[in-house]
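Protein chains in written order, with the numbering used here: chain A, 57 to 437; chain B, 57 to 437; chain C, 279 to 568; chain D, 279 to 568.
Honestly, the hints are just simulated from the structure, not real lab data.
Misleading hints may appear alongside valid ones.
[As the list claims (entries may be wrong)] Cross-link-like lysine-lysine pairs, in silico, DSSO-like; alpha carbons within 27 Å at most:
#1 C:321 <-> B:194
#2 A:253 <-> D:321
#3 B:168 <-> D:472
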Amino acid sequence: MKLLEFEAKDIFRAFNLPTPLGNVAKTPEEAKTRAREIGKPVAVKAQVFAGKRGKAGGIKFANTPDEAGNAAREILAMRINDLPVEAVLVEEKLDIQQEIYLGITVDRTERKYVVIGSSAGGMSIEELAVRSPEKIVKMYVDPLLGFQTYEAREMAIAMGFRGKMLNTLTSMILSLWSVADSYDAELTEINPLILTKEGRLLAADARLNVDDSALYRHKKLTDGLRREPVEQNAREKLAAEHDMAYVELDGDIACICNGAGLTMATLDAVALHGGKASTFLDLGGGADAERVKKGIEIALMYPKVKAVLVNIMGGITRCDEVAKGIVAAREEKGLSIPTVIRMVGTNEEQGQEILSKAGIPFLKTMEEAAERVVQLTKEVS
Amino acid sequence: MKLLEFEAKDIFRAFNLPTPLGNVAKTPEEAKTRAREIGKPVAVKAQVFAGKRGKAGGIKFANTPDEAGNAAREILAMRINDLPVEAVLVEEKLDIQQEIYLGITVDRTERKYVVIGSSAGGMSIEELAVRSPEKIVKMYVDPLLGFQTYEAREMAIAMGFRGKMLNTLTSMILSLWSVADSYDAELTEINPLILTKEGRLLAADARLNVDDSALYRHKKLTDGLRREPVEQNAREKLAAEHDMAYVELDGDIACICNGAGLTMATLDAVALHGGKASTFLDLGGGADAERVKKGIEIALMYPKVKAVLVNIMGGITRCDEVAKGIVAAREEKGLSIPTVIRMVGTNEEQGQEILSKAGIPFLKTMEEAAERVVQLTKEVS
Amino acid sequence: MAVLVDKKTRVIVQGITGSQGTFHTASMLKYGTKVVAGTSPGKGGTDVNGVPVYDTVREAKREHDATASIIFIPAAYAADAALEAISEGLNPVVVITEHLPVKDEIRVIHVAAQKGITIIGPNTPGIITPIVKQKVGIMPGHVFSPGNVGLMSRSGTLTYEIAAGMTLAGIGISTAIGLGGDPCVGLTPTEGLKLFRNDKATRAVVLVGEIGGDAEERAASFVSKGFDLPVVAFIAGRTAPPGKRMGHAGAIISGSTGTAEAKIKALKDAGVAVAERPSQVAELLRKALK
Amino acid sequence: MAVLVDKKTRVIVQGITGSQGTFHTASMLKYGTKVVAGTSPGKGGTDVNGVPVYDTVREAKREHDATASIIFIPAAYAADAALEAISEGLNPVVVITEHLPVKDEIRVIHVAAQKGITIIGPNTPGIITPIVKQKVGIMPGHVFSPGNVGLMSRSGTLTYEIAAGMTLAGIGISTAIGLGGDPCVGLTPTEGLKLFRNDKATRAVVLVGEIGGDAEERAASFVSKGFDLPVVAFIAGRTAPPGKRMGHAGAIISGSTGTAEAKIKALKDAGVAVAERPSQVAELLRKALK
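Just chain A, same shape as in the assembly:
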């Protein structure tokens, strides 16, 4: 679950991470009021789940409340990353002396949380990581002990800070760790952390992505905040309701498989034979007849589809159930376009018998199936 900037900042402040003076606004009028409250030049920032919103024009500066209202009007009318902007954050404009980077994420290979910092933050941090990796400081968090104050301090020193600023930054790194730890965060990030000309350190941006698998421990979040407003079409919505991984692509062959790896490999196989997938549809493990039928139904709703490839490797999934689902889909939904079935594994014989009885042909290998469906698609076109 991703949080919007202003939602993340509310949490950051509760952990003593200072943020610029500001507040959220949903209309230009509100934005004007916010700017007036702040009483100095402001930044008006689109609240969307998208990186590089700055480049997309989602951040504008305003010297007066009227300008802020106008900026908000423009931004609220935008779509960024194909998403509508439903709110803006109006914040005091900062007098920037230095942009710093702080982030915490999980290193999957080390299987540890890692705290990352750099005295050169801002949008170019990733290039910096490639160009001058020595300017990026990484500290791994002990999986059993957590992150200690002295480690945050060593990190701040490695980032180049001493004196009073050392202690301020140490506290901020620790606070950021507390946010990450308390919220089961996959990503907790301040970029940039601004050092102002007056010597204040402020989280100018804020990211907090909570581990979806841990959301059950964060009822306040799931109850209190709206979820990521992904705009879904009817097919995507339906697939999500049935907990199927469904992605629409540019091609014309709907690939319906079980398991993400196999589905990806099936797409690759189609491509190798000169075809192009329209649909990535992973039924998941142990799909029954009803689920198989529903999967085919959803895939067929996409107008681009000219052929269907069902590729099942039976493990928990039983081929007899798959066969029943295919037969049902054909009987109930027509399934008049070319369809190639490849199905092996658990209860293979029973499944094949069901298909044979219904007069539906099937193939034994994935490559034959991929080749055949590409061929059939070309014939249709």
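Using the hints, position chains B, C and D against chain A.
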């Protein structure tokens, strides 16, 4: 910081530990209303910081709201353990099938939290621990990993529970651990945990003593709950204000020392020579002249005092400061009763010089000093 | 010889009374696995498919001399189940459950590592050693024939696909390990390579990877430093649309784009034979084993 | 020879710029202690009494080859300071600060134990080895004369009292350890006995205890199982009013009343000579050392 039963129960419930239906009352009228709300026979329980309040008459049962009101009137008029009863807890009376014990404290030798349980709870648990220690189950908590569900389950099994009750008790043990861990508790205790005839498990009593050294991490407690209402006399209050350990005793010799161990040893030495201390006053480490003067002043306020023994072993505490304090006390406060000074250690010579100039005698060893002060006291009597 | 699971392995099924636990206990027994006991707190004393059920792993282990565990416990309780198995010294501990909180995964993996115990998964089909007919997992046993190739994979059904292709080509498997699909898993490809290197029954290794993360790149780097067995790889996801990114931090850490191209290049540079199609794995193996 | 602190000990003062840290640094230097550096985050680069100050223990240790640490840091931050010293392998780590939360004490003590590091305190006057003029603590050095008796104590000034009594009687000290007065401390009397047993410079041990807890009873039980050195004890608090009790749990755990009588009886039963008065300790020692 000790919490009252009803305060502890509020917290226990927030951690999913079920308690009997009930509510607190500060007047007989309120108690009547509470009993009416509960709508069945109730227990009326004094809310005081005292064990064995049952034996002191602090728990009464009532079948009707009127009876509850009367019981509350009686209890609110009591003093238990020399403390007034300011509130009662009115709770549904339970149909007891079994009394269970659950407690968590710190084992100072193992230096670990220890979870303790017994299927035979109630007031006789301590005798049981001596008589049939095998009926007491102890589980140490891993200092770095905490207490796991499976450990709580093994504990519940060792306590003799299986089947559905095993899982209920496992959850309760875990919840109790969460309370202890979340609140830096020195003691978290349910005694008895009642198994009712209908098969419910309810925390019939609740204790939660929070580590005073950790209170800074529990602002909600210190802000929200009143502190332990220790009734202090003027001297005790004054000593507490100055952060001095001060205890009044039955004898007539005020022992003013630095360090708890030395103060105790001084009391022992006085007793060995046939005297009796009136006052245990530990100035703490590094007392300056002002503090020494204040300590003497407080000790002298106690009418029983017939003689003063100042026994200082200078470490952080400097003898010159102590001497100045004694001189000041004599000049400002009189200090007309027999006074014996023993003072060695840091800046011993300077201190002795100050006393000599002021014409105040002093001794070199603790035993001489104890002997002398006992002698002087006898002369005064 | 085999890796992690051999003929002496005696398995406890944690969560045996749930529908998944019951179903796969039957399936494992049918395959030949020595499932000696199961656990289900509060249901001790009953049995499932003739397998006795206990309240705790400690009791199950004590009564049946178990050596390994497989976990079918809902995500919120799976980490505790794994810690219980670890505390009893069971090894390996196979966590079938998917979507454990990452924080729990990290904790479990490191506690296990301290005790020298291997966690397989979470979100794994498990591990199988065909020659001794022991599978501690949910994979269809019949697609894995016995032989001398070690197989490890990040994805489930694709593993079966490749195993089936090998079987068809007459190439057998020493041990196949589902590494698991969750963000943090107990066994990385690099660690898997080390296990296979020390196994006398293994003459070559197949690594099945997919887009995302940098586990394959790190395995490639490990191989490039000198690895005594031939390695064949297949990476799924060449035509997958670019996935969602995790802020800047992800990219900074992995130092990799995580694309199939990047992984394939790293592996080829390390001397690993990379198959274009799943069926090609068997061909490349045949060449490598000559 | 000595226990924990010898002539090679090189000390870092954590919290050197605070008033306590500054005062006792001067006092330690005056006594002869090799205080080589101090820390105070944010004040690195300055100095205190000629001792250079660093932001971190790592830097201080690297520059000055330090071996031990003494901590004068407020209670809320003392545990982190101890963990920092532990992470750099300093040993012993002497925690002068009192009133650390018990939870923090437990954590620090066990992390140290895992690395084989001894924590002295919290709430201790420290440790002193008079023969090499090294004190890592706040005790008045002049009351401790060099000799062959190990001294350990739960209380501060009472230790000085007894040490002064020994000095007066011409009996010297190998090493004196303030065990610390907080609920959980790094070194128990039993562990202290083990250290002194292995020290060639120590020919007898004095244990100064006080009412509360059961540390003295456990030490008595340890001695009763055979201890090669004579032990003399003094227990303060015979006439102290009964202290406050900690619910049922405390009594269940300790299995002891914690009174001076109980402790004295346990020690005498174990063959320990128990002094009635502090000054008697020297007498008993003289007998024991004959």
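For each hint, the structure was consulted:
1. C:321 <-> B:194: Distance of about 24 Å is within 27 Å: holds.
2. A:253 <-> D:321: 22 Å, holds
3. B:168 <-> D:472: Roughly 21 Å between the alpha carbons, so the hint for residue 168 (chain B) and residue 472 (chain D) holds.
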